[in-house]
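2 protein chains.
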Amino acid sequence: MTLTAPAATIGLDTVADVAAQLRVDSVRSSTSAGSGHPTSSMSAADLFAVLVTRHLRYDWDDPGSAANDHLVLSKGHASPLLYSLFKAVGVVSDDELMNGYRRFGQRLQGHPTPALPWVDVATGSLGQGLPDGVGIALAGRYLDRQPYRVWVLCGDSEMAEGSIWEALDKAAYYRLSNLTVLVDVNRLGQRGPTDLGWDVDAYARRAEAFGARALVVDGHDLTAVDEALTAAGNPPDDRPTVILARTVKGRGFSEVEDSNDWHGKPFPPDMAERAVRELGGVRNLTVRGPRPVATGTDGASPTADPAARPVTTEPTGPSTPARYDVGEPVPTRKAYGDALVALGARNPRVVALDGEVSNSTYAVEFARAHPGRYFEMFIAEQQMVAAATGLAARGYRPFASTFAAFLTRAYDFIRMGAVSGADLCLVGSHAGVEIGPDGPSQMGLEDLAMMRAVQGSTVLYPSDATSTVALTEAMAVLPGISYLRTTRGKYPVLYPDGEAFPVGGSKVLSSSDEDAVTLVGAGVTLHACLAAADMLADEGIRARVIDCYSVKPIDDATLAAAVAATGGRIVVAEDHHPEGGLGSAVKDSLVADGRVAPSMVHLAVRGMPGSGSAKELLAWAGIDADHIASAARSLVTG
Amino acid sequence: MTLTAPAATIGLDTVADVAAQLRVDSVRSSTSAGSGHPTSSMSAADLFAVLVTRHLRYDWDDPGSAANDHLVLSKGHASPLLYSLFKAVGVVSDDELMNGYRRFGQRLQGHPTPALPWVDVATGSLGQGLPDGVGIALAGRYLDRQPYRVWVLCGDSEMAEGSIWEALDKAAYYRLSNLTVLVDVNRLGQRGPTDLGWDVDAYARRAEAFGARALVVDGHDLTAVDEALTAAGNPPDDRPTVILARTVKGRGFSEVEDSNDWHGKPFPPDMAERAVRELGGVRNLTVRGPRPVATGTDGASPTADPAARPVTTEPTGPSTPARYDVGEPVPTRKAYGDALVALGARNPRVVALDGEVSNSTYAVEFARAHPGRYFEMFIAEQQMVAAATGLAARGYRPFASTFAAFLTRAYDFIRMGAVSGADLCLVGSHAGVEIGPDGPSQMGLEDLAMMRAVQGSTVLYPSDATSTVALTEAMAVLPGISYLRTTRGKYPVLYPDGEAFPVGGSKVLSSSDEDAVTLVGAGVTLHACLAAADMLADEGIRARVIDCYSVKPIDDATLAAAVAATGGRIVVAEDHHPEGGLGSAVKDSLVADGRVAPSMVHLAVRGMPGSGSAKELLAWAGIDADHIASAARSLVTG
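Protein chains in written order, with our numbering: chain A, 1109 to 1746; chain B, 1109 to 1746.
Hint data in this document are derived by calculation from the structure and do not stem from the laboratory.
Certain hints may be false.
As the list makes no split between identical chains, a pair holds if one copy fits it or if it spans any two.
To be verified - Once the Cα atoms are required to be at most 20 Å apart in a straight line, the calculated PhoX-like pairs of lysine-lysine come out as: (1) K1373 - K1442; (2) K1373 - K1598; (3) K1598 - K1442; (4) K1598 - K1723.
Model the full structure from these sequences, guided by the hints.
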């Protein structure tokens, strides 16, 4: 039987059948896979049945439609429920559900990813789907200007993640009445009761305090759920809606209902058979709920945005970046801001976010030039990266910046951004001990290691303003996670305007046939390498100096040639801990090349720094010109 | 003038003088250093003046006293205020304040660290001091059983960090009435207004919703602040207290009061002079507030703990770990649980925390054996690591576990734990693609890179149950951040009970004079290396197999000897992305040794995995026995 219906014409009796089917298929698919979370799916089946039949406005024949609502499964382990929903709307076959779920090479993975065209973002690390959904809702409200709604299903356990509250805080601040959060309060986590149990009122108080409208319902009362979803879809004000649904884990199968023993376990075949029987047997209903509202309609509520936030995707501001004179002292972070303004002027899909330090990262320049495409995330780095992921899912190109040190706060979100296949441009300023007196809490000393280890990432580390501009522009078309590391202090511009900086390349700044040693730096240490080369030249030692601005991918050919030409002697200096950064990238390259055994000195920040001036700390770490020259000298003469 | 007084005998007129002195010294110290945050210090000066003179029970002559209250500066950038307080109580001289602040090699760093004996934890990455304070309060309430109080000063900007709400959630859950949070609501962040501005009632609603008692005060009304602190120190119930203090940034110097232009900037000397004049000039008051309550008193409120949580530091449970038979299939995560139970029985300072996955990490075994020393942190990995840091500050040895993938959520807290000098034992289970059907969101594939890059860290990766037990025991006495990586599946025990596994060592499992190639693995890939060696032996190729259980520090000598003995031929296989992990550690070691150019094949997880069985995914990633044998074969014959 196939039912395709306009909004609200599928009766609740049919909805009940759909709910039973979702439960049955959740049981069948997980048992057939031998793993999965049937009970966590069953608690939310009524919520999903009402949502998909009567509220989710979605053209299942055109998942790319800009008018479609968005459905985010923040509790990603309830994938059997989501995939059963996909069967119920007729886009996944029963065969795929039964033979593809959690199987190698298949798209119905253990936790959903955008390998499925109906999935915007990968989930499975809890507390991320809602923050991602905030990014999608931001796009809908301020950029797409479409009336689509964003529906997010959260588990109650994940409400313990701080990122959930970062998300609700931003959803309220940005008046995202297009966002509805359904919380499946089944009271049981993986290992036992949650800290709030079935205290749905406590959740409601928290949601209200964070600026949302909270609705409490019995999550198995189809009428009540339907009324709540209707209310959520027709918000009386600019607040997001949070529906606290009291549910029972394993609902519908009496053997496991509200049991603490059945998290994340498929039922054995005989038990699954009993469950299916109790749930009324296998169904093969296909239902289609409401279709999306015609595109082009402005979804912004008329009462929204009293602060008169500019809502525009039109380019404004200068379209060419500042040019810099060679020798002029310019911080690379400032050049990043300049470049981003120009990029934004040329490309209306470019958006920027920052974690309340935009006057330090220079994202503030973009905020001033393109205020309609700038999203202040305050001090909430997790939400910043998640919002970027949601915006990327809507086809925008987000640049998200904070201190390099504080991107560590968002590492799980960056990792999951890679699983989502999101194209995110991340920028970390104030790298290394170079920042000086603020001390180690503010020094990015792990960021290169962290970013290199992300699957498919690109890691860039410019030393001057000209290369920063070029690399910022290059990032705007890179796939996956890209990272730009900028420096606090002013250093002289090294390259004339117009110089090319291909990703994966490098620059040989000093080279001769008599080079005795190779010096490799990036950022502040490149300037130290240049100074060291001058010192060595005075002693008659010629050094080849390489600007390794592309840390991943790295310029294997240039490094190999340089090391071969300089008798294997190489000094690498980096303002980063010794593991996983520039030195590690150079070693990976040279070992893979394998032609020579490099005599390598790797200068890096090996101790725990304190406060001091940049000069004092670079000397203390042993990564200044004196130490580079000394290391080179010992290689050449030692 | 020196005033030393019992509680509440320093009059509010003197408190006002102290507040003025704190402001003056905040101005003077930051101007003298040429950097710092005077205005962020001035807004909270009245709060600190009242606190230190009349409420903080602290023996300044004995900072190590177990009875002392604890003061945590969560808004670490207000270090001028904290250091001025240290001058006001006579433990830091005016000379040190004026000439040591933010200077190289000095202890008065830009943000406070435990280099100062009155500082428990390093702050400066916002949103961490309160979570750390929760750990200290947990120790006071459940382990030390001392009546000390924990006072945390938060900035209003940092209330946007989700970790603040994780902390309050746990503070309420654990009934930490010994915790008081003072929020300095000066309405201005670094770049502009906070999202809630001066809406102290909104903050209060949030705090109440999260289970705290909220008090709203004018943060410059000494009487009101005193009353609030008195109330906080005498809680009527088991809730923590949050004091929302409406304050003015730069308070006391009319030129900068409530100005958006003076965040994080010292005043120029002429301006500083005017500020000091307006604030009444330089003072050199020394004041001492109340002394701690005699130790030994039980601080737990009689109404506390209706759930009858066991409160004990006495060892319970078996004192010797399980022994395993060679060949028996045991998951290393299970051996971790076994080892932790035995360790806890012998050492009453060992405590354990987990992020709601204790039945997966096997921390549940410790929770059962030593319930009084186990702290469930639910799904809040940031708070888990922060609580561990606070517990470590009180002299406990915390073991904190979750999936390896989800430790990425806490990277900023781990990094700051290193700055604190905290001895933290972190354990990540479910490493790599080996976990199978759950898919990439649950696979730890960046954890080795992340943990190696932490300053002073130790990274351990056992392959069998026996070595897991030995390494768990070794961690309990390691300084700094140590990390143990465990595997989901069952693999045969390789080593007999009693085998030693020194940190920095390795095991050569197969060795002969005819070895043609070295195979290096750890965890699941070691078993693949052993199987590959068997396959190669059948073809007449002898392979040396190394169990590299200590990834940092790594066994340089054994690796160098093996590579030299096998003609430079080496295959390293790891269930981790190729950057920064085991392969990187081996390359760092071999390049530093420098004697040979290794012919190395580095097998790692290079693509984005999906779901599948462990066997399928290990094959897909190219890190199973077949691929290791094939790589070895090509090195030997190629």
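Against the structure, the hints come out as follows:
In this assembly of identical chains, the alpha carbons of K1373 and K1442 lie at most 20 Å apart only when taken from different copies (19 Å versus 53 Å within one copy). Taking the closest pair of Cα atoms, K1373 and K1598 come within 20 Å of each other only across two copies (18 Å); inside a single copy the shortest separation is 57 Å, beyond that limit. For the homomeric pair K1598 and K1442, the shortest alpha-carbon distance inside one copy (9 Å) is at most 20 Å, but the shortest distance between copies (53 Å) is not. In this assembly of identical chains, the alpha carbons of K1598 and K1723 lie at most 20 Å apart only when taken from the same copy (13 Å versus 52 Å across copies).
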